[in-house]
Amino acid sequence: MNFNLPSLRQQFPFFDAHPDWIYLDNAATLHKPQAVLDAMNVFYSQQNSNVHRSAHGLSQQATAAFEAARTTVAQFLNARFSHEIIWTSGTTAGFNQLVFGLMGPVLQFGDRVLISTMEHHANIVPWHIHALPFGVELDVVPMTADHRFDLAVFTELLKLKPKVVSISHISNALGHIQPIADIVRLAKAAGAIVVLDGAQGIVWEQVDVQTLDVDFYLFSGHKLYGPTGIGVLYGKTEYLELLRPLLGGGEMIKTVSFTQSSWNDLPYRLEAGTPNMAGAIGLAAAILWLQQQNLAAFQQHKKNLMQRFYEGCRQIPALELLSGPTTNAGIVALNLKNEHPADLATLLDQQKIAVRAGTHCAMPLFQAINRKGSVRFSFGCYNSFDEIDRTLTALATAVELLAE
Amino acid sequence: MIRPDIFTETATALKNIYDKQLPQLRQLKDWQSKYRVLMTLGKELPAFDSDWHRDEFLVQGCESKAWLLHYQDPVTAQHFWAFDSDARIVKGLIILILAQVNGLTAEEFAKATPELLLTELQLQQNISPSRSNGLLAVLNKIKNGVRSHC
Ligand SMILES: Cc1ncc(COP(=O)(O)O)c(C=O)c1O
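Top line first, the protein sequences correspond to chains A and B.
Positions 1 to 404 (the numbering used here) are the ones given, in order, by the first sequence.
Positions 405 to 554 (the numbering used here) are the ones given, in order, by the second sequence.
Worth flagging that the hints you see were computed from the coordinates, not collected in a lab.
A hint or two may mislead.
Quick list of in silico lysine-lysine cross-link-like pairs, DSS-like style, CA-CA up to 25 Å [unchecked claim]:
1. K447(B) x K469(B)
2. K545(B) x K352(A)
3. K545(B) x K372(A)
Here chain B stands alone, though its shape is the one from the complex (with noise of 0.2 Å):
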């Protein structure tokens, strides 16, 4: 069963790093110090369960594993999510792409171009759809999620 409270306390922690650590990041200069900062985004997190690390919620076409689950409110019609990863920068670099864009309803989240953070951050120059790099696939798992459900 999915506790539906991780969706609330996930909304709660990225909303927490998008006033925090994203503007820490935007200050920071050298590649290191934002891959630091990156590291550390994971721990913010409410605990995932090991029970959902089922292949349902597996995003296909990753070296490294990452879990989805997606909940609309079926009032606000808003989308959230709560997720995980086994490797700690794609969790960092989906954390900053979801605290843009979690808990937006569809029209909002049509207009929303999260991906750009990340080469604003110069944190990845381009999302290419590179096997090694699960960026994109989850990516588009967030917005098919959003297509599918409006």
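Just chain A, same shape as in the assembly (with noise of 0.2 Å):
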């Protein structure tokens, strides 16, 4: 391990508040190391104004902190362009956008999408609402055997010439890291503009947009050591010009008269409204408090947790291991045998695991392997080896009392 856990660990003022829980939830959300904490509360003790509106100076130090956080992104993801960030609240807020904009000037009546079967609800419900009603299909690619992306059938269903293909970086529920290099060459080479959901990519290594190739990435703030209510939407500059705005207001208009708006530039465009400032300022934070650590060696931490816990695990015969050790993210999905995940979930909750139980936002998932659900034990760079040991001494009492 090439960095110092406990102090690592002291950074992050969460821990300090709960200190007889073991946080096992960290692909639902993470902590926030102190630095955010204090970028946000110097933001509103000390740069607090509306940015880009008002005249006066205080504002325009607002706005170029702002703007700065916009060009952190900008750098962390290597986009050509600060532009090409846009802000928004989250994922599921950019998809919302991302769908919605494209129909009409790139998706029309009789066009396809393809998605997989592990993908989140924000990537399955925006289509739903903004796509389906006019006429556009979904195309969904399946898990092989052991739950992992079908690149073989994904590469017969390109022939059906989707317009969009949108997976996921890393599935959320089982924690399998999609094979994104082949999927962005493969879709690119049928034509296809490429979506990638990086919710819980963007945490685990280092995404460069440019050398993907990638049309459109999406992420969250808040799984990124971030605040909550802030997100981003990158697209290449070409594709964010076609998007249709979601939503109309201020900042994002050039003129408007009562009959008719004109729209502003990009990245302005699509981001109406007063935006999240602190939240950006937050999220820069994060990204500038990461690049400071080894990403490398939080990476291989979590595998390291993971393969302990992996090791405890298959002690427990009863288990059924939904994720893989190899190819994952630091995500154990598993169930125990003939037991209802909640029923796990809650004897863990007794024993102060947090850990997160049911269908994980992706319903369509569960539907196709036949569960009801699953226990989820996501690893973090903060948690230890001790911990992953407590985890598996309870989860064999769990065990115990749901076999009694």
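Got two chains here, separate frames each, mind docking them using the hints?
See below:
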């Protein structure tokens, strides 16, 4: 391990407030380092003013800080231009803007969109709301027997000539890392616009949108050590230019009369209303904090925690593991055979192990494998081996209680 | 068709639980022993026909599934329930709620606070509107059932 775990943990005040809990719900949201809280505190206590609007110097300072945050994100993703970073309130909001925006300019009656069985509802329901009623058809890449993205079937489905291919970088329900380089290459060769749902991917590995050549990439600040209520829709300029704005109002216009309005340039065209200024600044602080850490060591540490957890789980034969230990971003979904995941999770909750149970906003995935759901353990850089061992003991206690 | 004796059979089972297991639960100190009892309560209920696992009886808002049947005696105005869930702990918690209110009239029900028992037994610190915990949804359905039939 190339980092000092106790001193890393000290940077997260949440753990001081809850010393007796073990937090293994990191795929739901991450805790925030002090640096993020400080940046937001400084914004509200020293910089707060509305951005882009007012003539006074205070507003100009706030605007400068806000736009610097955008540049931080652009550099983090290696985007060509800052205006390719659109602030959203999160991945979900980003998808709603994206799907709505594609309708008309890109997607029309009879066009096809390709997603996968592993998608989060955020990459399913917006298509239902904004696209399917207008005659767009949705095709779905199935999973292989070991719950992986089926590249062979994907290649076949590309022959249907989807206009858009929209796939998760990492499955939030299983932790499996999708073969995104292949997905992007094959989809682009088939002439599709490629969207990656990076909600889980962004915190796992460095994403370079130019090398990847992806057209859109979405993520949420709160899953990247940042605040809630802020997210990013990255898009290549030529595709962002096509999007129709979902939200209209202040800031996104050039001129307005009562009969018509003309829209502002990117990125403001897609950012109606007063933006989440503190959120953007908090997210940039999270990225700057992360860039000072050893990302490779974080990744290795999460792999090691997962390995330790898997070894323990293998000692409990009644467990059914839905996730595999390889090409996995530190998320383990499992069930106790013949028991409801809610029961197992409640017994873990009693022992102050924070996990998530249910269908993890991926109901179609669980329909596909005919399960009621799962209990999901997701590991973070700040978790320790001791926590894994205590979790395994708690898991054994829960399993014993349910077996009686 | 709903077999009408499901309500009388459930009422008997709930009465037994109220008399036998509830005092036992009050005695127990550690959480494991409490949950051990809680998770067996479901076995005391009469069999719930799989035919009643219908959407019309399904309580919305639960990660686990819960089905609730309600019946009001036209003569005595008492309210009765029958119930099933595919998760054992939620099922046990609902049984503890129903054991306190099954057979009450609307006036009696209005004065009851059955959820307090769960706090008292330290089985559920607070009944939160969390989606993963269907308890609140079932509780609301029980209350609404009484309100709309009084
Ligand atoms: C893969 C994936 N996509 C989308 C989302 C939605 O993110 P948010 O709820 O922050 O909008 C999540 C988070 O739950 C996720 O894990």
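For each hint, the structure was consulted:
Between the alpha carbons of K447(B) and K469(B) the distance comes to roughly 17 Å, so the proposed pair stays at or under 25 Å and holds. Taken as a hint, the K545(B) and K352(A) pair is broken in the structure, with Cα atoms around 29 Å apart against an allowance of 25 Å. Simply put, K545(B) and K372(A) have alpha-carbon atoms about 23 Å apart, close enough for the 25 Å limit, and the pair holds.
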